[in-house]
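Protein chains in written order, with my numbering: chain G, 1 to 445; chain C, 1 to 309.
If you're looking for bench data, these hints aren't it; they were derived computationally from the structure.
Owing to the predicted nature of the structure, the values given are computational and were not obtained by experimental measurement.
One or more of the hints may lead you astray.
Stated by the list, open to error - Using 16 angstroms as the maximum straight-line C-alpha spacing, the simulated EDC-like pairs for lysine to aspartate or glutamate come out as follows:
1. G:Lys362 to G:Glu57
2. G:Lys118 to C:Asp62
3. G:Lys153 to G:Glu57
4. G:Lys270 to C:Asp163
5. G:Lys287 to C:Glu221
6. G:Lys428 to G:Asp151
7. G:Lys435 to C:Asp81
8. G:Lys245 to G:Glu57
9. G:Lys270 to C:Asp81
10. G:Lys270 to C:Asp172
11. G:Lys233 to G:Asp248
12. G:Lys200 to G:Glu264
13. G:Lys423 to C:Asp150
14. G:Lys62 to G:Asp438
15. G:Lys245 to G:Asp230
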Amino acid sequence: MRFHKAGVAAAVALSLAACSPGSGSTDKTDAPSTVSTDVAKAGNVTLKLTDFWGAAEGEWIKSVITGFQTKYPNVKIARTTEDWGQLNSTLNLQLQDDSGPDIATANNGWQSLGTLAKGNLVLNLDAYAKAYGWDKKVPTTITRQNTFTTDFKTMGSGSWFSTPMARTSLIGLYYNADKLKKLGINPPTSLDELEADAAKAKAAGEVPFEYGSLDGSTTVLLGLQALLADKKKLNDYIYGDSTVKATDVAMTDAITLTKKWADEGFFPPKFNGIDYQTAVANFVGGKGVFRWEYTGSLGLNAQQQGHFGYIQLPQKSSSGTVGVGAAPGAMVISAKSKHPDVAAAFLDYLMSPEAGQMAADKGLVPAMSPDVKVPASSLSLTGESAGAATLDKNDGYVPYFDWSSPTMLDTLGQNLQLVYAGKMTPDKFTAAVDKDRDTFLAGQG
Amino acid sequence: MVVTARPATPAETRDADVRRRPLRRRTRWIGLGFAALPLAVYGLVVLVPLAQSVQYSFYKWDGVSASTFVGLDNYRSFVTDPVLRSTLGHVLVLIGFFALLPIVLGLLSAALLTRAKQPGMAVYRWIFFLPQVMTSVVIALVFKRIYAPDGPLNTALRAVGLDSLAKTWLGDFTWALPALGLIGTWVTFGFCMVLFISGTSAIAPELYEAARIDGAGPVREFFAVTLPGLRGQLAVALTLTITAALRTFDLVWITTHGGPGTSTLTPAVALYKAAFQNPQVGLAAAIGVVMAALCLVIAVVITRVSERD
Chain G
1 MRFHKAGVAA AVALSLAACS PGSGSTDKTD APSTVSTDVA KAGNVTLKLT DFWGAAEGEW
61 IKSVITGFQT KYPNVKIART TEDWGQLNST LNLQLQDDSG PDIATANNGW QSLGTLAKGN
121 LVLNLDAYAK AYGWDKKVPT TITRQNTFTT DFKTMGSGSW FSTPMARTSL IGLYYNADKL
181 KKLGINPPTS LDELEADAAK AKAAGEVPFE YGSLDGSTTV LLGLQALLAD KKKLNDYIYG
241 DSTVKATDVA MTDAITLTKK WADEGFFPPK FNGIDYQTAV ANFVGGKGVF RWEYTGSLGL
301 NAQQQGHFGY IQLPQKSSSG TVGVGAAPGA MVISAKSKHP DVAAAFLDYL MSPEAGQMAA
361 DKGLVPAMSP DVKVPASSLS LTGESAGAAT LDKNDGYVPY FDWSSPTMLD TLGQNLQLVY
421 AGKMTPDKFT AAVDKDRDTF LAGQG
Chain C
1 MVVTARPATP AETRDADVRR RPLRRRTRWI GLGFAALPLA VYGLVVLVPL AQSVQYSFYK
61 WDGVSASTFV GLDNYRSFVT DPVLRSTLGH VLVLIGFFAL LPIVLGLLSA ALLTRAKQPG
121 MAVYRWIFFL PQVMTSVVIA LVFKRIYAPD GPLNTALRAV GLDSLAKTWL GDFTWALPAL
181 GLIGTWVTFG FCMVLFISGT SAIAPELYEA ARIDGAGPVR EFFAVTLPGL RGQLAVALTL
241 TITAALRTFD LVWITTHGGP GTSTLTPAVA LYKAAFQNPQ VGLAAAIGVV MAALCLVIAV
301 VITRVSERD
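I would like the entire structure built from these sequences, with the hints used as guidance.
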């Protein structure tokens, strides 16, 4: 018994001796004031890049590096790649290390980029944005995804802390081209047409939308919300403007319409027992006519890309096209980098039409590259690329809704299942969304 | 605790102390010397993280930036947060499926299997014990298939004309939790059975003979001889299965993620979400501490009860 007491006493002493968790501090760094865009003058420079890209994305970044090194023979870029989860959980440590990467891929939002910026681990890029004219080059709705105010209370305005790239990841509508042809339906160009087509497909004995809600998939809801909501308000809501409420960003309309589709049998029978992976496999395997999905998530091979199309539908109110989308990563420059000027030039190159063309060549969705050439044999990439171009032109991006709070994705998924089961009304759903975000905002202080 | 019939006089006690103390002290220090290294390792990998968890549980912390002391707020959410509170109810249901049902079934099958020696007994034991050695992830994936809308279970129900009973087991608010529970029953049942069979074979045959001579039937024999003889095994089975139910994570994570809604959310899943998905490290620590305390209390209660004569 005495040993137990000693152990407890030691444990208590230890916990008292330790200071409160997370109280370590970092030095304050300011935005570089004098910057140079002349890379050739920098002499021989080796930059370290750490990213989370594999497969086609890995091939893409390799060709971008080659392109940059050809352009500036005095620069060498040493690339390391890490698994997405691995890099996310260790990036803050890597950036504190003197021999850490100069450039890295972070994640947008409070979780990753916000924490790194707040901890002064990544450079404020305002001076480079000015020097390279990023404000003119990048659509405002994408720029906002990379900015924080310097008091780190607000996301979506203030200084640049990361840059996007000439690529994007969107939520949009995929369709099975063979099925549409068989049903005698042209790809829909509006939400009303889509609903009419879905009804037609249903009448012909097809499943209009391949979908499963077992693990709380939210793509239908968020895809619809972008067609119904006011673009600016939706952006403001997600960036934490507490004067905008979920009802102002068409959340109730979107959930009501989603529920209506479920009740009308637009989803597969017993879709509440189908998980995400199964639904994807079903759609690619030929079940269902349409599917709301993130670009790049269907894993279509070259042959399949000719049989699936992609549409970025315009808003219901016909006020342009608005879609959920963001760059597949946020490029940051380490505050410890000795060659920030050269690193910034590489970031600028990542946003260039050359990098966009390289993306299209690898089958990835290009952005900010209006003259990009896409292989005509790939129906899906043609559609995706056209969607991104339209969003660029309309400046119509909205970020992923779950950037609004860390618990948002869970809240959406769980309550969506309750709505499908008739255990929650659309109004209550919207109230739950507000409650989740406002609780988070209150905690941010 | 030594109980003496007659209180010792002060003189006697002092005598005894003087004689015994040097020896007792020396053995204690030697023992401690031997135990020092294991104790240090134990302290480093168990006690220190435990103390840290307890410390974190009093803070609101996102895991990176500065934390704020919030006292018992994290523990209070077990009362104030209806979702977190409901996880305790879900665990009670799971205990029924993970502990009580397998033990009842295990006792029954042990009694049946040990009554008469049948050929191929070992095969039965092997088959029923199999789930225990399988990786839980594999089991969860297999049952996800079985419970799927077009999975074997629904197909079988439809084949025998019970179409009305076919449902999306894991997507149904009423059935998801029992469906998960039955997976647990399947896993722990074989373990309980094997434990009880070995326990029964250790009971002296004379007891059964005596019971039979006294005119006891199979049922009476079971309650008068087998059940009391298995007290130790019952304690082990209860402790292991109840703590397994309390810690249920992989099964839920792979099949339902806690859904539909939050109808299959367990404390362990809530802990994982709080610690690794949502930056609420303090809350996660509090859930962990509560789970550890519950496991400890249950283990102590079961040991005390089973060892009482």
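Each hint tested on the structure:
1. Between Lys362 of chain G and Glu57 of chain G the alpha-carbon distance is near 8 angstroms, which keeps this suggested pair within the 16 angstroms criterion.
2. The straight-line distance between the Cα atoms of Lys118 of chain G and Asp62 of chain C is roughly 13 angstroms, inside the 16 angstroms bound, and the hint therefore holds.
3. Taken as a hint, the Lys153 of chain G and Glu57 of chain G pair is broken in the structure, with Cα atoms around 33 angstroms apart against an allowance of 16 angstroms.
4. Using a Cα cut-off of 16 angstroms, the hinted pair Lys270 of chain G and Asp163 of chain C holds, with the two alpha carbons roughly 14 angstroms apart.
5. Note on Lys287 of chain G and Glu221 of chain C: the hinted pairing is violated, with a Cα-Cα distance of about 60 angstroms set against a maximum of 16 angstroms.
6. The hinted pair formed by Lys428 of chain G and Asp151 of chain G fails the criterion: a straight-line CA distance of about 34 angstroms is larger than 16 angstroms.
7. Our distance criterion of 16 angstroms between C-alpha atoms is met by Lys435 of chain G and Asp81 of chain C, whose separation comes to about 13 angstroms.
8. Restraint check for Lys245 of chain G and Glu57 of chain G: the C-alpha separation of about 37 angstroms exceeds 16 angstroms, so the hint is violated.
9. Between Lys270 of chain G and Asp81 of chain C, the direct Cα distance comes to roughly 31 angstroms. Violation of the 16 angstroms bound is thereby established for this hinted pair.
10. As the CA atoms of Lys270 of chain G and Asp172 of chain C are separated by approximately 10 angstroms, the hinted pair is consistent with the 16 angstroms bound.
11. Distance hint between Lys233 of chain G and Asp248 of chain G is fulfilled; the C-alpha atoms sit about 7 angstroms from each other, no more than 16 angstroms.
12. Between Lys200 of chain G and Glu264 of chain G the CA atoms are separated by roughly 12 angstroms; this keeps the pair inside 16 angstroms, and the hint holds.
13. Of the supplied pair hints, the one linking Lys423 of chain G and Asp150 of chain C is violated, its CA atoms being roughly 25 angstroms apart against a limit of 16 angstroms.
14. For the given pair, Lys62 of chain G sits about 42 angstroms from Asp438 of chain G by alpha-carbon distance, which is inconsistent with the 16 angstroms threshold.
15. Restraint check: the Cα-Cα separation between Lys245 of chain G and Asp230 of chain G comes to about 12 angstroms, which is no more than 16 angstroms; the hinted pair holds.
When the structure is compared with the earlier hints, violations turn up for hints 3, 5, 6, 8, 9, 13 and 14 and for no others.
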